[in-house]
Amino acid sequence: MDISSTVFLLIGSFLCISGGVGVLRFPDFYTRMHAVGVTETLATAMILIGLMLLNPAGLVLLKLIIILLMTLFISPTASHALASAAIQNNLVPELDENEDNEKVTSSNP
Amino acid sequence: MLIAATIAILVVMIMAMIRAFIGPTLYDRILAVNMFGTKTVLLISLLGFLMGRPEFLDIAIVYALINFISVIGVLHYSDSSIFKRSDTQKNNEQ
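Residue numbers (the numbering used here), protein chains in the order written: chain A, 1 to 109; chain B, 1001 to 1094.
You may find that some hints are simply not true.
If you anchor each label on the Cβ, the simulated ranges turn out as follows [as the list claims (entries may be wrong)]:
| hint | chain 1 | residue 1 | chain 2 | residue 2 | range |
| --- | --- | --- | --- | --- | --- |
| 1 | A | S4 | B | K1084 | 45 to 55 Å |
| 2 | A | N55 | B | Y1077 | 23 to 33 Å |
| 3 | B | V1011 | A | I65 | 25 to 35 Å |
To be clear about the criterion: a stretch of chain A counts as covered by chain B if any three or more of its residues have a C-beta under 8 Å from a C-beta of chain B, and this derived list gives those stretches [claimed, not checked]:
| hint | region |
| --- | --- |
| 4 | 26-35 |
| 5 | 67-75 |
Okay, the calculated bits of chain A under chain B, using three or more residues with CB under 8 Å as the criterion [said to hold, decoys possible]:
| hint | region |
| --- | --- |
| 6 | 3-10 |
| 7 | 15-22 |
| 8 | 45-53 |
| 9 | 58-64 |
| 10 | 82-94 |
Keep in mind the hints are simulated off the structure, nothing from the lab.
All values reported here derive from a predicted model rather than from experimental measurement.
A virtual CB, placed ideally from N, CA and C, is assigned to each residue, including glycine.
Only chain A is shown next, with the shape it has when bound in the complex (with noise of 0.2 Å):
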């Protein structure tokens, strides 16, 4: 049990870590909320799930539960909202040098 939590909160660190490093690296807000994306999610799943497999009592556990679910529905709608919100005021997506540009912003919803 010890050692699993041990390999959960690694896996973690570590995308965590990977995460931070794009947000600092990417080149352009989209990219950047792409590593934002998987350290909220996949990098926050595996660090409570290590923290679940440390054998706590039964309402820690429930809380651990509650704090997993919580971030698994609010990051993803925080995303999506900062995401449309960013499209719709014109912020265009670093493209290729195609003229792909005008398509992405005439498809506002």
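On the provided structure of chain A, position chain B as indicated by the hints.
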């Protein structure tokens, strides 16, 4: 191993703060603040287990809700002129 995960999350929080300070657009700052809040929830949970007081998880639940409401509350004003002005500055730079 809890200490290693706590240090990793602190490093990621510092990275998110750097992106929040140097972010070119307003959306980068909001994204970095959202990431910072989620990492704060994880940090509070880990510190509760590290100090042997798992009652901190209540604070983590409340902080997750506050984080979500703050992001949605800022994006409620995304029709205002501040958002448009930052985007036109970004497009003029390009």
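Hint by hint, here is what the structure shows:
1. S4/A - K1084/B: 45 to 55 Å: holds (50 Å)
2. N55/A - Y1077/B: 23 to 33 Å: violated (45 Å)
3. V1011/B - I65/A: 25 to 35 Å: holds (27 Å)
4. 26-35: Coverage by chain B holds for the region 26-35 of chain A (3 residues, Cβ < 8 Å).
5. 67-75: Holds: 5 residues of the region 67-75 of chain A have a Cβ under 8 Å from chain B.
6. 3-10: holds (count 4)
7. 15-22: Result for this restraint: holds, n = 5.
8. 45-53: holds (count 4)
9. 58-64: holds (count 3)
10. 82-94: holds (count 8)
Of the numbered hints given earlier, the model fails hint 2 alone.
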